[in-house]
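Chains Y and A are the protein sequences, given in the same order. All you need for my numbering is the position in the first sequence, starting with 1, plus 21. All you need for my numbering is the position in the second sequence, starting with 1, plus 120.
Hints in this document: simulated from the structure, not taken from any laboratory. From the three backbone atoms N, C-alpha and C, an ideal C-beta is built for every residue, glycine too. Check each hint, because a few of them may be wrong.
Unchecked claim - Interface residues of chain Y toward chain A, partial, derived using beta-carbon atoms under 8 Å:
1. H152
2. D168
3. V171
4. N223
5. A226
6. E254
7. I260
8. P300
9. R306
10. G307
11. W309
12. Q313
To be verified - Pairwise CB distance ranges, derived in the manner of DEER restraints:
13. Y:L323 x A:D124: 33 to 41 Å
14. Y:P222 x A:N158: 22 to 30 Å
15. A:A134 x Y:G61: 58 to 66 Å
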Amino acid sequence: MSTFPAPSAEKFRHEALLYAGWAEFVAGTVPFIRDGVRAGEPVLVVESVDKIEMLRLALSDDADAVLFADMAEVGANPARIIPAWHDFVSRHGGTGRRLRGIGEPIWKGRSPDELIECQRHESLLNVAFGHGQPWWLLCPYDTEKLDEAVIEEARRSHEFVTEHSHVQTSNIFRGLEASGAPFDVPLPEPGTEIGRMAFGPNDLAAVRAMVARHAQAAGIEARAAELVTALNEVATNSIRHGGGNGTLRVWQEDSALVCEVRDRGRFDRPLVDRERPAPSSSAPRGLWLANQLCDLVQIRSLPDGTVVRLHMRRRPQQHLRVVPEIN
Amino acid sequence: MYADKHLVVTRTEAPIGLYFAGEIDVTNSHAVAESLCNAAMDDADIHLDLSGLSFCDISGIRSLVDAAEARQTGRLMLHGLPDLLQTVMNVIGWSDLPNLQICNCRGAR
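For reference, chain A alone in the conformation it holds in the complex (with noise of 0.2 Å):
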């Protein structure tokens, strides 16, 4: 679906979604809304697998933020997030929004 120097994502079909493997910052956030318009899936949830990342920055985390809250229906379910990664959107303020759905596994993988 995407890859640069830091980051790779992949399509997962069981349950059908991304994979984000590696670092996303400022310079590589892009990725996230591209990967899912690309990846053109249709209305229902769609589930991201974060357990692959070993970094996430906030313009990251803002463009997960805004895929969940561009989508009509059906939610951005989160998996694997690391620990780290699930402090910084309580810390900011993003971790309870209706349409992006933390949940608590190792990963959708």
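Chain Y on its own, in the form it takes in the complex (with noise of 0.2 Å):
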């Protein structure tokens, strides 16, 4: 018997799996991934490798018909799974065909700017979503290793919330509408400033020239190049979009390199930084590009500007590798 009946409602349904240890994972997901497959869904699984590796050995054969990815690399930079979803649903759900997907993008360890971001993609995901054709996302979150305000945050960015093998709708899901907002709230500050430097239209390539040599300072030079493009259009939109000008900071964090550009712009698209150019549009290209060559962007309009941080690890992706839990 399913626990899972089928949502009535023929609309994106986004609901939160709260989970305590093994057990109660793999009762959370593995009759929602075979109900699915038996009904004919395409199914897409993005999970750690351990957690991928669990699942195909509990759903046997059924296992042959679903799609895993792993998590650490697609959800890297957490604004690059929402295009992988855009993906799976295009590719498999034609004609309005009946999808389901698993993503767990939140494990302990996530560094206190992916959380935020993170948290900011399952809201997102509202957005990106919630206007189009049915299918059907379940969000694992671990609450033995959570902190509580992680699972109070999923409460609000998912309609609906798995407890114990009981599901119901969240009394304090913020809405489709507020989904898109969460990015008016400021980002904290930094602590030493390495760089700083204000710019006209006139200083890209000086800007170039900064992120260049903080790079090689660094020890990222092999990634110079990828920051040094990915900046110089976000410099690009203050001088074109962002009132002519901006400024530029640089510091350190314990894995990456900062940098930061402030200007006066205004921006209200959301979504704007994680939605694949088609090849014929004039759509704009440069936070798209940015969250493709750089570990993590972090994007917030605030009443007196637009702040884009861009953060590039020293060893990419190292520490996010999900450790092998211990049952």
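Join the two chains into one complex using the hints; note that each chain is given alone, in its own frame.
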């Protein structure tokens, strides 16, 4: 017997699965996947490699019909997850076919900045898919390892929450409209700045030179050109759309070099950095590119202007490997 | 053909085309269209040697795409693309256009 009745409404269903321990994870995910497979629905599971391994075992033959992807890879930069779901839905959901997905973007070990962006990602999923075709996305949250505040935020970003095999509507879900909004909360101030420069329309080459110099000094020579390319696009946006000038600041965090651009522009398209540009379109591409080149991109639109931070790790992805759990 | 503080564009004869050296960004990406226009080349394929570019932003790539799409016949053949530039063209969805051919060589000259 299935514990997962099919959703009645013909719309995107964004559901959090709160689990404690392997048994609850399996009980919450395996029937969900199996029901989808047996109904002929395409299923994509984006999880850690160890969870994928376990799900394969638990699903046995049904695993052959399931697509699996490593969340540590897909979601290293959480802004790349929505495009991955878009690819899945457009590739496999032709003619309004139902689909299912499992995605666990938040785990213990995410840095504070990554966690904030993962939470933003969870909210933006409602904006990205809330008006489109019906499909069902289940997002597991490990209640044993994650802080209570993280679980609380999951209840705000998901319309449905399953706990102890019982599903209910979240009474603090922020709703579709407000889901695009949580990018007007200021980012924490950095520690020690190691560079600052005000720039105008004729200073792009100087901006690039400064970022290249800091990338060299931070020991990320191999990725300096990528960071310079991404930052140049952000600074170009300031010049063209953000009042004609901006301020570049540079600092180091534990594992990354961070470059920030502030300008006086306003930003009102929350998905602009995660919509894959069509070849023929004249759509903006700079922030999309930044997300593909950098480890993390943080965008905030505040009353006094826009802030964009680009993070480049010294050792890309190393700490993103999900540590195998001992049970 | 064109020169500013960051970019020099010169004409090449064999193959017929243009050689770009330096940096292209939003302040000088108009040079791509201007140089092609000034070169007044006929409808055959035009070869652009980009091996001397140390930087090219999206506006520069957009200029190449626009120039390729504006051609009635003949393609723009891009030679000597730096690796990152090729990656960027892929990522932003402009690597597979009918009139814009990326040649995997080290430069046409």
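Tell me if I260 of chain Y is really an interface residue toward chain A, meaning its C-beta lies closer than 8 Å to one of theirs. I260 of chain Y check passes; min Cβ-Cβ to chain A is 7 Å, inside 8 Å.
Given E254 of chain Y as an interface hint, is the shortest Cβ-Cβ distance to chain A below 8 Å? It holds, given that the least Cβ distance between E254 of chain Y and chain A is near 6 Å, below 8 Å.
Was the hint right that N223 of chain Y lines chain A, CB cutoff 8 Å? holds (7 Å)
Kindly confirm whether 58 to 66 Å is satisfied by the beta carbon distance between A134 of chain A and G61 of chain Y. The hinted range 58 to 66 Å holds for A134 of chain A and G61 of chain Y, with Cβ atoms some 60 Å apart.
Interface hint outcome for W309 of chain Y [beta carbon to chain A under 8 Å]: holds (7 Å)
Take the shortest C-beta to C-beta distance between V171 of chain Y and chain A; is it under 8 Å? Violated, because the Cβ-Cβ distance from V171 of chain Y to chain A comes to roughly 31 Å (cut-off 8 Å).
Given a hint of 33 to 41 Å, does the C-beta separation of L323 of chain Y and D124 of chain A actually sit inside it? The hint (33 to 41 Å, Cβ to Cβ) holds, given that L323 of chain Y and D124 of chain A are roughly 36 Å apart.
Interface hint status, A226 of chain Y versus chain A (Cβ within 8 Å): A226 of chain Y check passes; min Cβ-Cβ to chain A is 6 Å, inside 8 Å.
Mind checking the CB of D168 of chain Y against every CB in chain A and telling me if the closest is under 8 Å? For D168 of chain Y, the interface hint is violated, since the closest Cβ of chain A sits about 35 Å away, which is over 8 Å.
Close enough to count: is the Cβ of R306 of chain Y nearer than 8 Å to one in chain A? holds (4 Å)
So, as I understand it, the hint says P300 of chain Y touches chain A; can you test that by seeing if any CB pair is closer than 8 Å? Because about 5 Å separates P300 of chain Y from the closest Cβ in chain A, which is inside the 8 Å limit, the hint holds.
Interface hint status, Q313 of chain Y versus chain A (Cβ within 8 Å): At about 5 Å, which falls below the 8 Å cut-off, the nearest Cβ of chain A leaves the hint on Q313 of chain Y intact, so it holds.
The earlier numbered hints that this structure contradicts are 1, 2 and 3.
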